[in-house]
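Put the two chains together into one complex; each comes in its own frame, and the hints tell you how they fit.
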Amino acid sequence: MAYSEKLIDHYENPRNIGSFDKTAEDVGTGLVGAPACGDVMKLQIKVGADGLIEDAKFKTFGCGSAIASSSLVTEWVKGKTIDEAETIKNTDIARHLALPPVKIHCSVLAEDAIKAAIADYRAKVTRKAE
Amino acid sequence: MTAITQIRRNDQPIYLDYQATTPMDPRVLEAMMPYFTHKFGNSGSRSHAYGWEAEEGTEKARAQVAKLIGADEKEVIFTSGATESNNLAIRGVAEFYKDRKNHIITTVTEHKCVLDTCRHLEQQGFEVTYLPVRQDGLLDLDVLRAAITDKTVLVSVMAVNNEIGVIQPLAEIGRICRERKVFFHTDAAQAAGKIPLDVEALNIDLMSISGHKIYGPKGIGALYVRRKPRVRLVPMIVGGGQERGFRSGTLPTPLCVGLGEAAEICMKEMDDEAKRLKKLQERMLNGLRAKLTDIVVNGDLEHRIPGNLNISFAYVEGESLMMGIKNLAVSSGSACTSASLEPSYVLRALGVEEEMAHTSLRIGLGRFTTEHEVDTAVDELVRHVNKLREMSPLWEMAQEGIDIKSIEWAAH
Chain F
1 MAYSEKLIDH YENPRNIGSF DKTAEDVGTG LVGAPACGDV MKLQIKVGAD
51 GLIEDAKFKT FGCGSAIASS SLVTEWVKGK TIDEAETIKN TDIARHLALP
101 PVKIHCSVLA EDAIKAAIAD YRAKVTRKAE
Chain V
1 MTAITQIRRN DQPIYLDYQA TTPMDPRVLE AMMPYFTHKF GNSGSRSHAY
51 GWEAEEGTEK ARAQVAKLIG ADEKEVIFTS GATESNNLAI RGVAEFYKDR
101 KNHIITTVTE HKCVLDTCRH LEQQGFEVTY LPVRQDGLLD LDVLRAAITD
151 KTVLVSVMAV NNEIGVIQPL AEIGRICRER KVFFHTDAAQ AAGKIPLDVE
201 ALNIDLMSIS GHKIYGPKGI GALYVRRKPR VRLVPMIVGG GQERGFRSGT
251 LPTPLCVGLG EAAEICMKEM DDEAKRLKKL QERMLNGLRA KLTDIVVNGD
301 LEHRIPGNLN ISFAYVEGES LMMGIKNLAV SSGSACTSAS LEPSYVLRAL
351 GVEEEMAHTS LRIGLGRFTT EHEVDTAVDE LVRHVNKLRE MSPLWEMAQE
401 GIDIKSIEWA AH
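Just so you know, the sequences run in chain order F and V.
Reminder that position 6 of the first sequence reads as 6 in the working numbering, one-by-one numbering, no gaps.
Reminder that position 107 of the second sequence reads as 107 in the working numbering, one-by-one numbering, no gaps.
FYI, nobody ran anything at the bench for these hints, they're computed from the structure.
Watch out, some of these pointers could steer you wrong.
Unchecked claim - Simulated restraints on C-beta separations: (1) V:40 with F:13: 51 to 59 Å; (2) V:120 with F:104: 31 to 39 Å; (3) F:23 with V:172: 55 to 63 Å; (4) F:101 with V:390: 46 to 54 Å; (5) F:130 with V:407: 48 to 56 Å; (6) F:13 with V:271: 47 to 55 Å; (7) F:101 with V:410: 51 to 59 Å; (8) V:410 with F:125: 18 to 26 Å; (9) V:326 with F:125: 38 to 46 Å; (10) V:44 with F:104: 47 to 55 Å; (11) V:407 with F:126: 22 to 30 Å; (12) F:104 with V:100: 47 to 55 Å; (13) V:302 with F:79: 54 to 62 Å; (14) V:135 with F:104: 22 to 30 Å.
Note that beta-carbon positions come from the ideal geometry of N, C-alpha and C, so glycine has one too.
Looking at chain V on its own, in the form it has when it is part of the complex (with noise of 0.2 Å):
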């Protein structure tokens, strides 16, 4: 188990967004450190030391990484992060086979970068197919396999949920995909390092990771690309060939480095991690529903990483709720919180009510998070939802037994 507890400064708030980014481990830091000084060289230079220590640093990271997802090293190219490695697997695929195949079949609460590039790929003429996910955020099978066609070339299916953090069934997915000769990509950034993978034992063909969810450094991610059978892609950035030409580009060594540390960690720790993960979101959610009623869990408890919790605190809008719990950095799936104005499209996605995706928080528990700091929160948002729910209209009619359905509101 990890020595360290906490990282944070005392003046900081506790931290309780692990979906959107972890602390980096010191023993990752502890890792790179050397690449940024001495061993600064190119990994590509091979003519001198330099060049060989760098290169020993970047495949030493490679085959950790492999091995996290049962990959063999020469199947795994570094990007820039998990926005990156969707782009290239998606608009790679598409690219190189658009002559024989041009549908891509996604689902409808995947990460924007996901979204965006198939959008993008709409634009120049692809089919795209979104699929619908079922109240518990789950793709329904059925749904999939009617969904593929003689065009379909991929599938893309995130493996683990930003927002709800529900696991995709992969190795159903996979099987199916692997039966009707589809590509089957998966956005693994909230899942790789968190619950096992294998990527023979999925079926996976491509797979995208980062490097900051698993408590390695930002900027850095990885793409599994399958040798056997091979998976074709035309590459986003071209130029020295690096990356067996799929993304080129000198690689950042200290961060490659970081990401191998930071992978191997995760392995190593996943199954103690994840036990005391979930002792920690039972804790939290005991603890809410022991004084608050009308709460939420948005998407399957079950098939879910214990790091992740998504719930509505009904009656109580979430960026007033997240104005009150000034010590504790959380996620709100409320418009509010956003440009927009509109509420999560996953929590919509899921047949959530907007009045109720208005009143969502995601709170993610990760590596450093503590009992103390879970009792801490449980405290703040108990004390907070009760106040706001003393101020709240719709919590007043509800106590009066007012249907707030029946009345007709306004649309502003």
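Next comes chain F alone, as it looks inside the complex (with noise of 0.2 Å):
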């Protein structure tokens, strides 16, 4: 299969690999997908006191397109603010990165993983409130 270079790029130098407490409470954790099918993401996000994601993580089991879908969302969501990076779209990273057909569950991995963890933080968000 003939990846695009952006896609080989991820693949071969992940960006943000690694993992944060996820006990933390400015952290919120996704992890999606199933081992039988090949593919698991966790993304992790890292929320500062302004309300920006300042830091994101993941970790990856699954085929190349996998792993760089989720690197690629954790560059992306840096900087942004929970509710704007819940506005990306699998077809955005599936366009970035040129991914083959067979390849774009990868990319709605990748956007159900960020929407996991937005999901976690504001869970932790709430539970402080209360």
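Set out below in structure tokens:
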């Protein structure tokens, strides 16, 4: 399968690999996918006092497209508010990496991972407020 | 032993996919060359020297193939490859004997061309039993015995599996088939030339052989069809009545000669080559095991051709691993390399869990594989497996002692 240069770059030099403490109050964690399907993404955001996502980390079990998709979104979410980050669409990811049709589900998973991380962060904020 | 140690160019990746195909042995090409040029005659032309010369070539080749499997040369017919041989053997027997018997037995780990031929026959009203295999990939003989009925005409079990390299108990299967008066066909595409095969000792009635899996040319294969007791077939390709009427069409002389030469080289060098490959297989596996934990060999390691390894590298998805090891040409049981998005049906049939099937690689070693290539492959694999595990959430969980089976994953 012929992949785009951008995709290969993200696969070979993935940005922001790693983990935050998932119990920290300023961290939101999304874990999506399933090992049996061959794709699992863990995406974490760290939200600053100003409401901006100041850092993001990921770990992914999956094909090269899945790794590249998650690496890309960790770059994209940084510096955004969580509302802005929530608007990232899988089609943007797929277009940017020029994903082949059979790999579109990787971009869907990356979008799901951001949404899950944001939902986790929001749930923590709500719990804290209560 | 072969004098040639390297046939790839230095800018090509290391070839470790010998179950997909093999490079042609230069000695095979040499034998073929005259039949592309001045010995171009039609082996069916009886009236002049061009035809006689071509016939000499095809008949020598037929004898070489026959000798490799302990057959008589009259029992070998040339085909376009193992796919055609498998089609002809299974459909040919089924259709010839359909008035008396209509049941075929095969296994779930056969090559697609056997499974698809059987599906095709099912659609025409034949009954097909697809036997499971054990966790080691081998057929349980009691299961086979129990499946045979008065209506069974044919048992088709591959000699060596193309994904996991395991060798089926051919002698025992042959004995059972002979006792029950059922024909025994074996797809020996991955076995011929690699392990000793004797159609008499093994009671094999039909055997499929491929040229390009044994360092011969692509586009040629053979089907062994027993004469005593006679096996009859309805031909798939009709016309000039070549190949005892089983397979019409002018023989591709250069390809036949290439297959014959390839068979003869395999026969002469089989013992030495098997020993050499066994050492390389052990070197590969020991090298990986010394530096990596959580790797599993799929399929029985003992009843296996030495040129195959199929390994699951837990927590690392197969396609991403293949993307990393760019300098190695291997194949994967992972879904992501195929359009189907389903992991290998062979591994699933062994009971390998889906998540482990996604992490598997097939590594094929062969005649031109060197120790240096194996060592390079081990280094590359170790480096990339470690790199990918560092970025694998599943590896992280495993290190934290979390059982990934305890998590409720949302299948997608």
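Query raised in the report: Among the hints numbered above, which are violated by the structure, and what are their numbers in rising order?
Result: 4, 5, 7, 14
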